[in-house]
Amino acid sequence: MQNNECVFICEQFTEYRENTLSIELKSQVDTHLAACSSCAKVFQELGLVLDKLKQLPTLSTTQEFTNILMARIQHLDQESVLHRMYNSSYTRVAGYAIAAGLIVAIGLNIWIDPVSLSNPDRSPGYAVQQQSNQIPQSKSFAGQIDSSSDKTEDSLKIQYKSIDSGSQKLQLVNDSE
Amino acid sequence: MTQVNLKTDEELIAEFQAGNENAFVELVDRYKDRLINFVYRFLNDMTDAEDLVQETFLKVYKNKHAYREIAKFSTWIYTIAGNLARSELRKRKRRKTYTMSDLSYADNEFTPVDTDKDTEGIVFNSYAGEEILKAIKNLAEPFKTIIILRDIQELSYEDISTILDIPMGTVKSRVNRARLKLQETLSYLRE
Chain V
14 MQNNECVFIC EQFTEYRENT LSIELKSQVD THLAACSSCA KVFQELGLVL DKLKQLPTLS
74 TTQEFTNILM ARIQHLDQES VLHRMYNSSY TRVAGYAIAA GLIVAIGLNI WIDPVSLSNP
134 DRSPGYAVQQ QSNQIPQSKS FAGQIDSSSD KTEDSLKIQY KSIDSGSQKL QLVNDSE
Chain S
5 MTQVNLKTDE ELIAEFQAGN ENAFVELVDR YKDRLINFVY RFLNDMTDAE DLVQETFLKV
65 YKNKHAYREI AKFSTWIYTI AGNLARSELR KRKRRKTYTM SDLSYADNEF TPVDTDKDTE
125 GIVFNSYAGE EILKAIKNLA EPFKTIIILR DIQELSYEDI STILDIPMGT VKSRVNRARL
185 KLQETLSYLR E
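Chains as they are written, first to last, in the working numbering: chain V, 14 to 190; chain S, 5 to 195.
Mixed in with the good hints, there may be bad ones.
Said to hold, decoys possible - Calculated pairs, PhoX-like style, for lysine-lysine (alpha carbon to alpha carbon, straight line, at most 25 Å):
(1) S/Lys141 with V/Lys67
(2) V/Lys67 with S/Lys138
(3) S/Lys185 with V/Lys67
(4) S/Lys141 with S/Lys185
(5) V/Lys65 with S/Lys138
(6) V/Lys65 with S/Lys176
(7) V/Lys54 with S/Lys138
(8) S/Lys97 with S/Lys185
(9) S/Lys176 with V/Lys54
(10) V/Lys39 with S/Lys176
(11) S/Lys97 with S/Lys141
(12) S/Lys76 with V/Lys67
(13) S/Lys185 with V/Lys39
(14) S/Lys11 with S/Lys66
(15) S/Lys68 with S/Lys11
(16) S/Lys185 with V/Lys54
(17) S/Lys141 with S/Lys176
(18) S/Lys76 with S/Lys63
(19) S/Lys185 with V/Lys65
(20) S/Lys76 with S/Lys176
(21) S/Lys138 with S/Lys95
(22) S/Lys185 with S/Lys138
(23) S/Lys95 with S/Lys66
Derived from the structure by calculation, the hints contain no laboratory data.
Based on the sequences and whatever the hints tell you, model everything.
Here it is as structure tokens:
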């Protein structure tokens, strides 16, 4: 049965084994171990456990360990080169230049052709085209309708003519038969 | 190459910081097995342990300039590996996944045989060794870490204090308590 003294003595076992206790404390442990079979047993078993721990077989890494590691490092280096390139000042300057170019291009476009900005459905240069395609002031809207109806009549006449010529061809075929 | 072997870890990392990749390869050769033994005791899975050690070296490679010669290189690399291992354990707890080694021995009806990895076979061959590994695995995280660092990796109290960022006195008392816990767990082996 362990009492408080036993607990205190057990707390000294590591240093007692390693011979790092003070002379007084060492002598106290010696005396206690000689008198207390329970603590003596614990101390003896502790020694056996520590011996077993030292005897545990040592493990080794596989033969390919270093090769695999170096391959991973090489891959890591390649990644970091790409990362550095991405973050390099040259790349950043190129990015700024492209952004500035785009801003200038958009600005010029707005300055030359402001209509296209207000009406994005219209194609660029719409204002110029509009001017050239403007209907003369003298012609009225009714006149436009008339002219379009004339065009329709003309196209109908052409269709009739082609139907007539088709029927003539049929007649010729029938005659020859 | 013989000359490189004579250099200290701190000299090698300084050379690597200056751009000598061979110095890094030498550090990998020096620490890969030490770290696999350290990390494996946390994860109990050889493949995961190798992946984690690779991650550790990748971190060293990427953050080589973060190392300052105020601490030993060994404590720096153990700190990185230990942090990664603990974070992996936390992830596993969240995922609640169970590997073969997570099963109790009664449930573990067969032992997977991997002819390429004799090391794992050696570890599980001895019943006492098996029981010790199981007992370490079941220790609370701070005790487990301290036992691995002190009794398996055989690091000094000073290095452990730096790695875990705890006072030397705490390291010593924790080592003692962890050993007593192990002894208590394994006492039935001698009954």
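Q. Going through the earlier hints one by one, which of them does the structure break, listed in rising order?
A. Checked against the structure, no hint fails, so every one of them is satisfied.
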